[in-house]
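S.K.: As a plain string of letters, each chain reads:
Protein chains: 2
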Amino acid sequence: MELNSYLKHHLGRVDKALDTYLPGESVLPPALHKAMRYSVFAGGKRLRPILMIAASEAVGGDSELVLPVACALEMIHTYSLIHDDLPAMDDDDFRRGRPTNHKVFGEATAILAGDALLTEAFILLSHPEVLPGVAAETRCRVIHTIARCAGSQGMVGGQVVDMESEGREISFPTLEYIHTRKTGALMLASIQAGAMVGGCDEEAFRALTRYGEAAGLAFQIADDILDVVGDQALLGKDVGSDQQRGKATYPALLGLEAARDRAVELRDLANEALAPFGERAEPLRQIAHYIVDRTS
Amino acid sequence: MELNSYLKHHLGRVDKALDTYLPGESVLPPALHKAMRYSVFAGGKRLRPILMIAASEAVGGDSELVLPVACALEMIHTYSLIHDDLPAMDDDDFRRGRPTNHKVFGEATAILAGDALLTEAFILLSHPEVLPGVAAETRCRVIHTIARCAGSQGMVGGQVVDMESEGREISFPTLEYIHTRKTGALMLASIQAGAMVGGCDEEAFRALTRYGEAAGLAFQIADDILDVVGDQALLGKDVGSDQQRGKATYPALLGLEAARDRAVELRDLANEALAPFGERAEPLRQIAHYIVDRTS
Numbered sequence: 001m002e003l004n005s006y007l008k009h010h011l012g013r014v015d016k017a018l019d020t021y022l023p024g025e026s027v028l029p030p031a032l033h034k035a036m037r038y039s040v041f042a043g044g045k046r047l048r049p050i051l052m053i054a055a056s057e058a059v060g061g062d063s064e065l066v067l068p069v070a071c072a073l074e075m076i077h078t079y080s081l082i083h084d085d086l087p088a089m090d091d092d093d094f095r096r097g098r099p100t101n102h103k104v105f106g107e108a109t110a111i112l113a114g115d116a117l118l119t120e121a122f123i124l125l126s127h128p129e130v131l132p133g134v135a136a137e138t139r140c141r142v143i144h145t146i147a148r149c150a151g152s153q154g155m156v157g158g159q160v161v162d163m164e165s166e167g168r169e170i171s172f173p174t175l176e177y178i179h180t181r182k183t184g185a186l187m188l189a190s191i192q193a194g195a196m197v198g199g200c201d202e203e204a205f206r207a208l209t210r211y212g213e214a215a216g217l218a219f220q221i222a223d224d225i226l227d228v229v230g231d232q233a234l235l236g237k238d239v240g241s242d243q244q245r246g247k248a249t250y251p252a253l254l255g256l257e258a259a260r261d262r263a264v265e266l267r268d269l270a271n272e273a274l275a276p277f278g279e280r281a282e283p284l285r286q287i288a289h290y291i292v293d294r295t296s
Numbered sequence: 001m002e003l004n005s006y007l008k009h010h011l012g013r014v015d016k017a018l019d020t021y022l023p024g025e026s027v028l029p030p031a032l033h034k035a036m037r038y039s040v041f042a043g044g045k046r047l048r049p050i051l052m053i054a055a056s057e058a059v060g061g062d063s064e065l066v067l068p069v070a071c072a073l074e075m076i077h078t079y080s081l082i083h084d085d086l087p088a089m090d091d092d093d094f095r096r097g098r099p100t101n102h103k104v105f106g107e108a109t110a111i112l113a114g115d116a117l118l119t120e121a122f123i124l125l126s127h128p129e130v131l132p133g134v135a136a137e138t139r140c141r142v143i144h145t146i147a148r149c150a151g152s153q154g155m156v157g158g159q160v161v162d163m164e165s166e167g168r169e170i171s172f173p174t175l176e177y178i179h180t181r182k183t184g185a186l187m188l189a190s191i192q193a194g195a196m197v198g199g200c201d202e203e204a205f206r207a208l209t210r211y212g213e214a215a216g217l218a219f220q221i222a223d224d225i226l227d228v229v230g231d232q233a234l235l236g237k238d239v240g241s242d243q244q245r246g247k248a249t250y251p252a253l254l255g256l257e258a259a260r261d262r263a264v265e266l267r268d269l270a271n272e273a274l275a276p277f278g279e280r281a282e283p284l285r286q287i288a289h290y291i292v293d294r295t296s
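Protein chains in written order, with our numbering: chain X, 1 to 296; chain G, 1 to 296.
Bear in mind the hints are in silico, worked out from the structure with no lab data behind them. Hints should not be assumed to be uniformly reliable.
Which copy is meant is left open, because identical chains are indistinguishable; a pair holds if it fits in one copy or across any two.
Unchecked claim - In silico SDA-like pairs for lysine to any residue, Cα to Cα no more than 25 Å straight-line:
id: 1; residue 1: K34; residue 2: P251
id: 2; residue 1: K45; residue 2: L254
id: 3; residue 1: K247; residue 2: V134
id: 4; residue 1: K34; residue 2: L3
id: 5; residue 1: K34; residue 2: E169
id: 6; residue 1: K247; residue 2: R210
id: 7; residue 1: K34; residue 2: E176
id: 8; residue 1: K247; residue 2: R206
id: 9; residue 1: K34; residue 2: H144
id: 10; residue 1: K34; residue 2: T145
id: 11; residue 1: K103; residue 2: A258
id: 12; residue 1: K45; residue 2: G255
id: 13; residue 1: K34; residue 2: P87
id: 14; residue 1: K34; residue 2: S171
id: 15; residue 1: K34; residue 2: S241
id: 16; residue 1: K103; residue 2: D91
id: 17; residue 1: K247; residue 2: V27
id: 18; residue 1: K103; residue 2: E166
id: 19; residue 1: K34; residue 2: M89
id: 20; residue 1: K34; residue 2: G167
id: 21; residue 1: K247; residue 2: E265
id: 22; residue 1: K34; residue 2: A17
id: 23; residue 1: K103; residue 2: P276
id: 24; residue 1: K247; residue 2: E213
id: 25; residue 1: K34; residue 2: T174
id: 26; residue 1: K247; residue 2: A135
id: 27; residue 1: K45; residue 2: M89
id: 28; residue 1: K247; residue 2: T145
id: 29; residue 1: K34; residue 2: A135
Just chain X, with the same shape it has in the complex:
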């Protein structure tokens, strides 16, 4: 397989499905649905949905079945970006080269668009007609897994500790706490939900969990590194913003070389966990490489 065409193919599928599942711009209230769609269709790479599809394929699942779940996860990811960018949080004016949600729609609508996207994810995940082939028991497990990863001891918890740590010296365990939760938790949820909907057994679930944990952390370390050495034009955001904000990062704590080594080590660890899946895990394998080597 060729990774670029794999990513492009599934990005197209995910975008089309998101367009189907999100309420249209003319649905009342239009201002809210416009704001929700503005950020969902802001040029995301759909990495989390594609990870979910690839995990489902690795256990022999039908990727058509997992598509709505993948869209729900992307809605949660998008809500977290909208809220992260708010003036009270990171106060970012641009994301991927476009004005952030609150710059276009105002702060109040941006907060509510985030709230609505998070809620919409659970509307979709519990929809009786959208997931006809997935047993209710499995749907509940998927909802539980995704909600836990997104909640106060997952993504939101990571964001709180990240904010608390700005401008402070923090320990390595605190840095790992932030990274495994703020970004890692939702990536792990993608992998685990894909495995569940794909119909995995316990052993496969454990192996893919190891992959998801390692790949999620590798992704965030690569992100930290890109913030130091990345190309501003490719990234669509300012380079050096972590340092400016006094954010704790892997390069800041370990140095650039050691951070790179750690990312490569985690990538290899992730891929070792894929051994039992053979050829079917090839997309996951290549995505782990992509995560560490990407330039944006």
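Guided by the hints, dock chain G onto chain X, whose structure is given.
M.R.: Only chain G this time, still in chain X's reference frame:
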């Protein structure tokens, strides 16, 4: 039955259950869990959870079974209050006589505490051990109903239109749109979820839906009226704040007397829907009266 002791009894049960289901203040990150608990335990009347318990009892359900669902709904209600109070929204410094969440914990933590409470509700609703007696199919239906009522075409949608309407002349249909969604939707969800978990048939579900729609709207009209004629000390908030903000209300659009008549009419409509349930619906009946006659 005596309504006051009924309300007090179930308020105690709900508070105790909320304390069990919410992560403790020492759970990482403590600042977040403190902020979440601060607003959940800010002296709410637990009207929505109690409506859910009463609806479950009306169809012969076990109120023990519905308690976690009732707690999840109260978490969603609390998140909506935290976000409504934010500077970018209603900019309120006090609620029920205590400083609002962002005044105590800062704006960023308040936003995240709201996000985490909304997410926590879905963690709870999908928990495999907390709802052992409720079939997964029913849990999915309950999640779907609650999420829809809370989402972009429910509560959040109502909040957006409410904001858009501030300081403007609005039509009566727009006012009803706001009221049935901003407050009504979550009260309807309480009733419907209680009925589902209680094991109702289709006919009972439709009857209780009629009750929930009417009682929810009556509640908001009574709220509008209290903002004009209420006792500031009993309410724990400023009287006349709707008018100051140029908010559209029933008294402003219809006049005080006609608004009162409409609330009483809706109360009677709600109670007519309870006829088939006999004695078991006595709590719901008395709550409808309480909703319209309350002083705080």
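S.K.: Taking the hints in turn, state whether each one holds.
M.R.: Results for each hint:
1. K34 with P251: Answer is neither: 38 Å inside a copy and 32 Å across each miss the 25 Å cutoff.
2. K45 with L254: For K45 and L254, the Cα distance exceeds 25 Å both inside one copy (28 Å) and across copies (51 Å).
3. K247 with V134: neither (41 Å within a copy, 45 Å between copies)
4. K34 with L3: neither (32 Å within a copy, 45 Å between copies)
5. K34 with E169: Result: close only across copies, 24 Å inter versus 41 Å intra.
6. K247 with R210: The answer is neither: 27 Å in one copy and 53 Å across copies each exceed 25 Å.
7. K34 with E176: Classified as between: cross-chain Cα gap 23 Å, same-chain 36 Å, threshold 25 Å.
8. K247 with R206: neither (32 Å within a copy, 54 Å between copies)
9. K34 with H144: between (29 Å within a copy, 23 Å between copies)
10. K34 with T145: between (29 Å within a copy, 23 Å between copies)
11. K103 with A258: Close neither inside one copy (38 Å) nor across copies (42 Å); limit 25 Å.
12. K45 with G255: neither (28 Å within a copy, 54 Å between copies)
13. K34 with P87: both (20 Å within a copy, 23 Å between copies)
14. K34 with S171: Classified as between: cross-chain Cα gap 23 Å, same-chain 42 Å, threshold 25 Å.
15. K34 with S241: neither (29 Å within a copy, 30 Å between copies)
16. K103 with D91: Answer is both; intra-copy 10 Å and inter-copy 19 Å each pass.
17. K247 with V27: For K247 and V27, the Cα distance is within 25 Å only across copies (23 Å; inside one copy 40 Å).
18. K103 with E166: both (23 Å within a copy, 21 Å between copies)
19. K34 with M89: both (22 Å within a copy, 19 Å between copies)
20. K34 with G167: For K34 and G167, only the inter-copy Cα distance (23 Å) is at most 25 Å; the intra-copy one is 36 Å.
21. K247 with E265: within (23 Å within a copy, 58 Å between copies)
22. K34 with A17: Intra 17 Å, inter 38 Å, cutoff 25 Å: intra-copy only.
23. K103 with P276: neither (48 Å within a copy, 53 Å between copies)
24. K247 with E213: within (22 Å within a copy, 49 Å between copies)
25. K34 with T174: between (38 Å within a copy, 19 Å between copies)
26. K247 with A135: neither (43 Å within a copy, 46 Å between copies)
27. K45 with M89: So K45 and M89 pass the 25 Å test inside one copy only (23 Å; across, 32 Å).
28. K247 with T145: Neither: 29 Å inside a copy, 40 Å across copies.
29. K34 with A135: neither (33 Å within a copy, 37 Å between copies)
Hint check: violations occur at hints 1, 2, 3, 4, 6, 8, 11, 12, 15, 23, 26, 28, 29; the rest are consistent with the structure.
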